Amino acid sequence: MIETALKALFILLYATFVGFMFMGIIRIVTARVHRRVGPPIYQPILDTLKLLGKKENITHGLIYDFGVIYALGATILALMFIPLGGVGILRAYGDLILITFLLEIPMLGIMFAAMSSGNPWAGLGAQRALLTLLAIQVPLGFAIVALAEFYGTFSTYQIVAAQQAMGWSITHLPLLLAAIAYDLVLQAMFGKEPFDIMIAPGEISLGPMVEFGGKHMGILQIQHAIALFAETLFFANIFLGGAVVTVFASPILNTIASLAILLVKQIAVLLIATLMATIFPRFTIDQAAKFYWKWPTILAALGAVLASL
Amino acid sequence: MNELVVMVIAPLLAGVLAWLLDVRGIKEALGVLGAAVPLGYAAVLYERAGEGINVAYTLGGFQITFALNQLSWFFIGIAALVGFTAVLAMVSTAKSSYEWLFALMSLSGVLGVFLANDLMTFFIFWEIMTFASFMMVLKYNKGASLKYFLLSVFGAYAMLIAIGIIYAKLGTFEFSAVQQAMYRDAYAVMLGGQGLFTKGETALIYLLFIIAFGVKAGAFPLHVWAPDAYSETNQSYTSFFSGALSKAGVYGFILMYILMGAKLTYEFGAFRSTTKFGYIIAFIGGLTIVVGGLLAALQEDIRKLFAYSSISQLGYILVGIGVGTALSMQAALFHALSHALFKGLFFLIVATIVYRTGKTEFKDMGGLAEKMPFTFAMAFIAILSLAGIPPLVGFASKWVLFEAVISQNLPILGGFVFFGSAIGFVYLIRFTYAVWFGQRPTDLDDTKDAPLPMAIAMGILALGNVLFGIAPGLVARELNKIFGREVIGGTLYVLDLGFGKYNALLLTIWLVIGIIIAGIVYFMGAKVRRIPVTDTYQAGNPITMDYNLTIRRNFFLPLKETLAFWLRMSFDRLYRDVGRYVEDLAETLRSYIYNGNVQSYAWYLAIVLLILALWGV
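Top to bottom, those sequences are chains A and B.
Going by the working numbering, the residue at position 69 of the first sequence is 69; the numbering climbs one at a time, nothing skipped.
Going by the working numbering, the residue at position 153 of the second sequence is 153; the numbering climbs one at a time, nothing skipped.
Keep in mind that the hints were calculated from the coordinates and are not lab data.
What you were told as hints is all true, and nothing was included just to trick you.
One side only, chain A facing chain B, incomplete, derived with CB under 10 Å:
(1) Tyr-70
(2) Leu-131
(3) Ala-304
In silico DSBU-like cross-links for lysine-lysine, where the CA-CA straight-line distance does not exceed 30 Å:
(4) Lys-527/B with Lys-54/A
(5) Lys-527/B with Lys-50/A
(6) Lys-527/B with Lys-55/A
Everything numeric in this text was worked out from a predicted model, so none of it was measured.
Every residue gets a Cβ at the ideal spot worked out from N, C-alpha and C, and that includes glycine.
All chains, please: the whole structure from these sequences, using the hints.
Here's what the structure looks like:
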């Protein structure tokens, strides 16, 4: 019991910290691409602390508060189910479909909170977010189907274990196709250009986030950090082989080594997304739907069909 | 008198009495009592469903036979529960004793369909159910009811022809006899002998049954009646209409598997890891999910949205049935239960909104969450359940279905079901936004919350959603009993399929922990100040209630534009055109044949005589 609690606390703190570092890395990399110096890497932490420390906050009602809390709670829930090297606490139940769903449900909380504010920009942002979700679901679904059919199991942990024996997922052609499609989907899941249609800074005043300030925004920043961590971790687990290190005698060294390996893989995923985001302008929402229903869908569906043969 | 007969007759009797007496207060009491009897009996007979109960009567030359087994008990349970809550809500919304009569009659019809033990009884109660639901729609909208009636009759007579063919060959209506004969037939053909049914006849029966059950289940492209019929009637009744009546179609498909699964499998062969005839059903189901979901997102009327959503969810059940393994069948049955629970709840919520505001379109609503907090809480549960958010029942059943489909290596169907879950999310948020949040039109300012009977009815269904969600093992245990073996393993809280596991209790606990952690962060911050909905960011401009800031119309316009090409094709329009063509043809025939000219009638006589002469009479 205590051990589980300690593990959970560790995962939570680690994910939050690394997630914030990821947000910092995104800002630095973007700045360097633009030939700027950029903020220090811990800048997002300072931002969040400032937001949480505001002396006055506003609310539009119960759902406005609850939606935000629910979003963070659901993100923490999703995090617990994804195997983190050898540390995962619920990894026996880390089902592919379950995690895919769990990674989406924080959005429900954000939508509820944003919509209850009654702001027209929030409504517009919610509409765009939902259509993006709908657009990415087709390639995402096929990518998950391809994985499940290739490995014959839905357990994320068993998929990681299988990759230790058979090589990374992306070394197999059907799964490589699925991985490319999933990577394109990640761009929208992170909310990065060219698919940051939901937030769309400068176009619709941050969409769903427009009414949030103070501690609500602070909680959403934490949520974003954890979600970044969870999504990259999930990708690294299912496509990049995860990490199960057993070479050292001490379990602590093994854990540290596997966390380090995972971190490198996560940063690789993050960098691809960031570099893509810096060079592409934003799509309109109907372009995004048409794009996702065309190339990534074809790739992922091809992968799924090949995997099922 | 036998329990099964009492169960079937009680609602009808109560309905007739309520109609005859027509006294305020008494008819409501009679109606609720009539719906409570089947529910009570379903509970009492639970223990005995395992051993099976049979009863037979001879009526007008036909054997009327009823049988209760595990499978029919499951469906009876669904129908009795949803029927009871719908009738309870009708206490508030029913306008006349006419509605009591036909609502209860259709409950009798549905129970009869589920309990029938031979094809003739099945057909008779199928017709009672169709007729009663038609009368319910007729009261509100003639056009919608005729559309429903025409398609239903089309389906029912397709079924009648199929039953006729079966009877002509086998000389029996009884399920067990038909089943055995079909088995024997499949074996005979397999061993190179001469079967009773040729391949063509088998295909014909299969096609006729698909039409018959597809109409009731609202499968694409036979779904066009549903949006009109579901919306143009008492919404409390629709809760039963969509929650239980549509399950009759599902039950029909399962019956087809039981009766002639072996024969169909043998005649048409396999497709990948499933059967060819099953794959066709599953594919129709997949199309139904996508079409129903996309159209639901584009509706401007709250009732139409849920009608299409109901179609979409039934597509899942068809996919599960079509894939045809024990696991996918269980998933389909599980989803049938959860669909009844959350869709029954949704239509009660719609009924409450319509009852309290008298409006049905999104453009007239908004900001109701403050005025109807209880109904909103119920809607919140229903939304989470339908969208497939753990730990509610909608997720558990969808999860089993996903795994059942994907583990059979059917990637295209997997893509369909994934898309369906996203589209469910999309149209529900639209409903949430337009009805519950944002500015409230001033004419809704004195809206009250749900009346007590409706609140109780909603509470019962919401409890079911939560209970079966956190303890999906309860349902899995019943489903395993139907198959006589452990298809879905696990405990009360855990579903274990071998290649995937889902622990609802642990998930709930961690969700609560997550929310507590988030709550701690929230409550550590400074106090919040409540501000009105007009005190909001509008590009820095001041605003008043005179501005409409909530997007209520055409919310998914970009989706409409993206799908413009596909939306140009409409089966509704196709059927209308065919209907108009048939009408024109009738008109043409009338004016040419019955032309009022005596000489032409003489000519007809001459032609007939000529034909007879040529025939050599």
